[in-house]
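Participant: The listed protein sequences derive, respectively, from chains A and B. When we follow my numbering, the leftmost residue of the first sequence carries the number 564, and every step to the right adds one. When we follow my numbering, the leftmost residue of the second sequence carries the number 0, and every step to the right adds one.
Keep in mind the hints are simulated off the structure, nothing from the lab. Be careful, since some hints might not be right.
Stated by the list, open to error - Derived CB-CB ranges, DEER-like: (1) B:W449 x A:F783: 47 to 57 Å; (2) A:L954 x B:F63: 47 to 57 Å; (3) A:L954 x B:N258: 31 to 41 Å.
Since we're looking at a predicted model, the values are computed, not measured. Even glycine gets a Cβ: it sits at the ideal position worked out from N, Cα and C.
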Amino acid sequence: MSLPLIVLVILALAAAGFVLGRGRAMASAGGDIRLLHSLPGYYGWNVALAAMIPAFLALVLWLAIQPVVINGQVSSMISQASIDQSSLDLVMSDVRRVAEGLDTAVAAGALTSEQAGSIRTEFTDVRDRLGQVGVALGSDVTSETLHAAQRYRELSGLGDLGRAIVVLGLAVLGAAWAWQRSNKDFRARNSVERVVRWILIAAASIAVLTTVGIALSLIFNTVEFFRLYPAADFFFGLTWSPSFGGGSELGIVPLIWATLYISLIALAVSVPVGLFAAIYLSEYATPAVRAVAKPLLEVLAGIPTIVYGLFALLTVGPLLVDVFGNGGLLGVNWMAGGTAVMTAGLVMGIMLIPFVSSLSDDIINAVPQAMRDGSLGLGATHSETVKQVILPAALPGIVGAILLAASRAIGETMIVVLGAGAAAKLSLNPFEAMTTVTAKIVSQLTGDADFASPEALVAFSLGMTLFVVTLGLNIFALYIVRKYREQYE
Amino acid sequence: MTDTAMSYPAGKEAGQAVRKKTSLLEVDALTRRRNAAESRFKIYGIVAILIGLFFLVALLYAIFSNGLTAFNQTFVSVPVTLEKSAVEQAEASIVKTSRYNAMIDQALVAELGRAGISTDMKPADLRKILSSGAAAQVRSFVLANPGRIGETVTFELLASSRVDGYLKGRVTREALVNDKNLDAAHLDLVDQMADKGVVEKRFNMDFITGSDASDSRPEQAGIGVSMIGSLYMMLVVLFLSLPIGVAASIYLEEFAPKNRFTDLIEVNISNLAAVPSIVFGILGLAAFIQFAHLPQSAPIVGGLVLTLMTLPTIIISTRASLKAVPPSIRDAALGVGASKMQSVFHHVLPLAAPGILTGTIIGLAQALGETAPLLLIGMVGFIASNYPGSLASGFLDPNSAMPAQIYEWAKRADPAFYERAWGGIIVLLLFLMTMNIVAIILRRRFERRW
């Protein structure tokens, strides 16, 4: 039985259960709704939920476990010799492909299912036969692979059958049990509400699961990477030159340097502009100006980062070369190509302006009006009030906002992938192309590299570094902001 | 008016300097300085806002000035005679398009003759004006309309990207010196053809509905297929993140007791909202592709990753709108005998629905523009050339997504693709703008204030 069919049958059972459960409860009350403990619908839902929940849970578990079990069974059939020749993963993917091919052949009627289970490489050209039904195989099928594939098919067939029986059995049993309990005194509403409450808790736990998932996927692969490549060389290495042939130098220092350099430039653009914009908007602007300028600035925050990336690559980069490049307006030859730390930093700064300004705006607005009035009453001008009273009072919050902006800048990907360049370099010249942690995560994982090689695994350690740094910055920033807020509330 | 002013005539000589210092009518040096600082400060603020707005305008200008041309494309209208024998010959040969090319060559030479343009260029050379996909265009027409074999059909063939670029001002004669795809002589011809109306620029629907094309045919590339990929991803995001997000928010806002576990969830949600998007890509790669063996590049994986990414946004906004429903509603429901669960699902949730919907749309818009995680789960690096055949293949077959397609174009060597990338951005921004405007309208129209 195929998966969608099973799901449909479960849903049908649940629907039937709803009607039957509701009917049984009504019947037990003699059709008088006032004698029921709960509304009739709750009896129906009780049965439907009892049919669905155990069945779906079993289905999910089965889907997770079956491939693991079958893989284990089949891979024990592969001889050491063929593992040595390529790798277990490759052989197993061949096996899966042949098994799928046999399935397709059976479905297309080119083979009967007995034939599929009994053909031998000695007598049939399997590759040719499968080619006829449109399954292309990369190489000839060895008898070992074919055996394994046949076993694989056999086991999956068995597994699928077992899955259908167990899951549907559970659905029927659950429904029957709940149906049998449906009578006018049964507290159906309490029972349904308990289940719904657990569903709500499960939904809320997904956030925790996501964090756990992120941590696990980073940690496992990072550990794997450090087994292949010494951690000290990774953290303190000054060269980044991966080569997929082996002998790579994977030092993170140049990447970190470029990341921080770009973030610094981004902050140098966004903090003054964002802060002054926020001060003007909250302290000076008339409501009309505020109503226009604030949403317009926030449009910048709604633009996807790929747009900023393209803007950096195709507009800002060439523009900067025209000014700072060879034969440019300034007559200096600082910039060789459009992609550079300055390009990425500038554009990232633009992206962060609304981020800094709206956060600072909130914080400045949270400073109590009494402090402004006090300062103005003593004869200070408006700007003196801002500089000497409001800003010092808002300082922790503003520092928090800047830290949050820094964490955004460090984790930003598309702008640096497109605007910063691809070569890792330790240089002070902001007009030189450098590359960052996020850009290298992308380039190491989008190539054709084998996931088991250190060159690909390094991306996970880069990701781990990034995750830890941004998480630390965020927690620190939120801590500062929260601590500050408590002062006035 | 004041004492100082009135006493001025009396002590004319003696304390003039001293009294002047304290005059309220004349501004003294310190006040002048302070006032100057005040107006300077104000100007800084105005300048900051103007800088921000300038960047916005520059960005929009760059997008529209570079991207609008992608919606226009140069076409060459050529009447091609589809002779029965030629078509049969072509279909019988192995490289079918080469025979069609010969037919197009013939038609092109004839058309030039009719227009009164003389050239000594060889027909095969002449064909460089056209897209290399022209033969396939003729062939698919023949296959689709076998009844019209034998007639002379006027085809609107795509011009090559260099010709297109020349007419849009992107390609110059100097740039073609070392170009093996086109010569300056071709451009002279194109100028004449444009005069005669053989070559024409017009709106190109294929850019919006078409599929991506290979590196050598930027003129054929369109964003349609990746739009469908984005659509399937958004379906996944909507159908997962809305129920999960709402359920999670209801629990946290209405039911959760104050304990360690709820605190853990709260901290996790606020932290996940700030995790860089690329980290979600790593999660998707490790969990969904390496561990769960879901198909690479499939919209369902993209949708799952984006769901995890959007959940915090949706949860935060949903909680805000649940919080905005006054407690009196809950009390009234409980007072007439509803259970806690009934009061939430029957009364609080419907009242919070407009706010939840608004938050969801904004979350979806954010997910629609997200690129970085999609790169890691492999939604780039290939040519998304086919519309999915069925609903299931729409979710499971490799496809691209709009931002990933834009990135793909930006990475290609031919500058003709840059125009496509900007054009793609216009399409993407139109979607985002529509979604945000719908969200704003929903908020204005339905949100109740208590």
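Participant: Next, verify each hint and record whether it holds.
Facilitator: Here's how the hints hold up against the structure:
The hint said 47 to 57 Å for the Cβ distance between W449 of chain B and F783 of chain A, and at roughly 50 Å that hint holds. A hinted range of 47 to 57 Å for the beta carbons of L954 of chain A and F63 of chain B is inconsistent with their spacing of about 39 Å. At about 39 Å, the beta-carbon gap between L954 of chain A and N258 of chain B stays in the expected band of 31 to 41 Å.
Violated hint: 2 only; the structure is consistent with all others.
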